[in-house]
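On the provided structure of chain B, position chain U as indicated by the hints.
In the order they appear, the protein sequences are chains B and U. Heads up: the first sequence begins at 58 in the working numbering, then just goes up one per residue. Heads up: the second sequence begins at 675 in the working numbering, then just goes up one per residue.
Simulated from the structure, these hints should not be mistaken for lab results. Here the structure is a predicted model, which means the values were calculated and not measured. Keep in mind that a hint or two might mislead.
Said to hold, decoys possible - Label-pair restraints from in silico Cβ distances: (1) Val868(U) x Pro353(B): 34 to 44 Å; (2) Gly204(B) x Pro898(U): 51 to 61 Å; (3) Gly204(B) x Phe771(U): 49 to 59 Å; (4) Glu234(B) x Asp887(U): 21 to 31 Å.
By construction, the Cβ of each residue, glycine as well, lies at the ideal position given by its N, Cα and C atoms.
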Amino acid sequence: MLLLTEQVLNGLQFGVMLFLLAAGLTLVLGIMNLINLAHGSLYMIGAFVAATVARWTGSFMLGLLAALPATALVGMAVEIVALRALYRREHLDQVLATFGLILFFNELAAMVWGPRALFLDGPSWLAGAVEIIPGVPYPAFRLAVLGVGLAVAAFLYWLVGHTRLGMLIRAGASNREMVAALGVNIRALYTLVFGLGALLAGLAGVMAGPIYAVEVGMGEPVLILAIVVIVIGGIGSIRGALVGAVLVGLVDTLGRAYLPSLLGLFMGPANASGVGGSLASMSIYILMAAILVWRPRGLFPAHG
Amino acid sequence: MDNPRAAGARRAALIGAACALALLAPALAAAAGADYLIGVGTRALILALAGLGLNLALGYGGMVSFGHAAFFGAGAYTVAILGFHATLGEPLLTWPFEIAGTESAFLAWPAAMAAAGALALVIGAISLRTSGLYFIMITLAFAQMLFFFFVSLEAYGGGDGLGLWARSSLPPLDLHDPWQFYYTVLGLLALFAVLKGRLVASRFGLALQGIRDNERRMRALGFPTVRYKLAAFAISGAVTGLAGALIANHAEFVSPALLSWQRSGEILVIVILGGMGTVAGPIVGAIAFVATEEALSQWSEHWRIVFGPLLVLAVLFARQGLWGLIAARERIHD
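Here chain B stands alone, though its shape is the one from the complex (with noise of 0.2 Å):
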């Protein structure tokens, strides 16, 4: 019971984790209509910045507050130099030109940084542990990354519902030359919108930086996470994204630390956890095919 108590707020951490990069993704693609295999770059700095400025400055929210911006900027730059002229390209075209862009900066981090792991300090407010329910004792610093994915989903919901701004982008994404026409800078506010998935990107890799390695490459097996996490949930709808997540952290987490023993009971403890364990690691994969075979545009089909 503990430990299923704990493997569920693994699965619910990583969930949101995943939400703030799959956010940031189909939001772009919703309403560009632009996929961006980059984005796991954008992860990749926010760690590396934050990593950077928190050793200098001994502060994780220092470090915190200089990602943010940091890949906010990175990602309005790249939308500005190359991305913003292929909006109207086909998605093979964007496939590649954004593979382009992350042999690029895992290179440029490797020059950077060099090729050996950072290792990032979460605050030490947030170093102990809290006990949430009596006798089941959680790390503080996890239970404030499922705090911040909610808050951020939150945010979101009422940004693109309930405000100008988001009115703007909803229009934006249906008509772009009617939403221009009626006096609107929509290019500017593409940039704006690429800015904001960056910077969630971003904070999606400062979060991730205490409990894994900040390290080369370290965007691409989580972009790859987030894209089943947007498919599952329907390309473009913020709550698939959500919902995706979650299922996602959960049948990851929850696949890994029970399938092993769980085949146990089938066969040979030692078939068990070589069966169980590749199981588990093609689970979330087998459950996107699932889910397409049943509903072929997700979830949470954002349009029509």
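For chain U alone, kept in the frame of chain B given last:
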């Protein structure tokens, strides 16, 4: 743009020159005292074959697969696992029927194609329920699934990979000789380029291109479009699987890295850089890719910092691919 006949003559001349160059390449490399270039050339030809396979789905069928590394890796692992069991002298399977290991190219390479083709059939059957962006993503997800499958396949090396004791035996040739291996790969590439040319000009190929351009209309004409696409996807996977079998022989080593999503990206880059929907495109693309990689990596270990932006520029400005630039081809579609 030149008139079609001049462009056709130019294309024929280019292809002739390229064939001559490909035949003479090992001798030229040896004469220049750079024998290692034969291996580099072999790798380029193998990647060209992989691209040629992908192009059938991508360029002619309009199916953007971001998971072809799965078929590449499946072909490679088939050869490696069969070879592994041949060395051990233990059968691979004893039930429901016995499959012994083998090092014979005549058995292992067709087996690699069959395994990759069957895999493509399954993946395609599920993925083709979706389209557009979802198709890109689901093929990527399947490739990742296989990647993790091989990572956890401890019996065959897991994440560390599996070395081959020897290259496949293809009597009377000795594939350990770089020259003979080069010409074997070249011969296979030429064979499949010709076959592919025949296939895309056949009724099947024309129907497939019709589906690419307007699936609805083809369906209204009575073509079972999903079945056509699925068949093309399976053939595409099988050809890429053969390329995988060759790369396993080339490196004498297989590892899950063969199935990584970066590899799928590379094969895509090769096809698109070269020019989709053309027979020569992936070959030009593969040679350009390997040559750029070789040249830049001699310049610096951080060659990707140049290669990445080059790729972005190529996407932005060379929309017909290199072959389109060289051969001044009229635009095929869109």
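Right, here's what the structure says about each hint:
1. Val868(U) x Pro353(B): 34 to 44 Å: holds (37 Å)
2. Gly204(B) x Pro898(U): 51 to 61 Å: holds (53 Å)
3. Gly204(B) x Phe771(U): 49 to 59 Å: holds (58 Å)
4. Glu234(B) x Asp887(U): 21 to 31 Å: Holds, at about 26 Å.
Checked against the numbered hints listed earlier, the structure breaks none of them; every hint is satisfied.
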